[in-house]
Amino acid sequence: MRMRLALPLMAATALLAGCAGNAISPTYTSVDPDLMRIGDDRPADPEKRVEEMGSYCLEITETWNAHGTTPDGQSLWAKDTARKVVPCS
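Residue numbers (the working numbering): 21 to 109.
Bear in mind the hints are in silico, worked out from the structure with no lab data behind them.
We put the beta carbon where it would ideally sit given N, CA and C, even for glycine.
Possibly wrong hints are sitting among the right ones.
Claimed, not checked - Simulated restraints on C-beta separations:
no.: 1; residue 1: PRO66; residue 2: SER95; range: 16 to 24 Å
no.: 2; residue 1: ASP92; residue 2: ASP54; range: 22 to 30 Å
no.: 3; residue 1: ALA102; residue 2: SER75; range: 15 to 23 Å
no.: 4; residue 1: TYR76; residue 2: LEU55; range: 21 to 29 Å
no.: 5; residue 1: PRO53; residue 2: GLY93; range: 14 to 22 Å
no.: 6; residue 1: PRO91; residue 2: VAL51; range: 15 to 23 Å
no.: 7; residue 1: GLY93; residue 2: VAL70; range: 35 to 43 Å
no.: 8; residue 1: PRO107; residue 2: GLU67; range: 15 to 23 Å
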């Protein structure tokens with residue numbers, strides 16, 4: 021009785037051990053490198069800009085912030101954008 025339970029358990033363990041080494045490594049990519057970058061050097065923040073929207077203007081501030089690391093230890097940088105309504109000049 022014990023042998024019938026041990027055989028499927030050993031087969032499942034062998035299957036899991038064999039598949040664990042062949043895990044698919046994640047790919048960190050973006051179609052727009054202005055939104056996400058990978059590397060240890062922090063990208064430079066763009067200058068603030070003001071865009072006219074008709075009856076009002078927006079001040080746009082963009083900053084690069086670290087959002088963790090990749091499995092191989094590289095920094096993952098993402099651009100955060102803040103918008104604020106300002107008077108038009």
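Against the structure, the hints come out as follows:
1. PRO66 / SER95: 16 to 24 Å: Holds, since PRO66 and SER95 (Cβ atoms, about 19 Å apart) stay within the stated range.
2. ASP92 / ASP54: 22 to 30 Å: holds, 23 Å
3. ALA102 / SER75: 15 to 23 Å: holds, 21 Å
4. TYR76 / LEU55: 21 to 29 Å: holds, 26 Å
5. PRO53 / GLY93: 14 to 22 Å: holds, 20 Å
6. PRO91 / VAL51: 15 to 23 Å: holds, 21 Å
7. GLY93 / VAL70: 35 to 43 Å: holds, 39 Å
8. PRO107 / GLU67: 15 to 23 Å: holds, 19 Å
Of the numbered hints stated above, none is contradicted by the structure.
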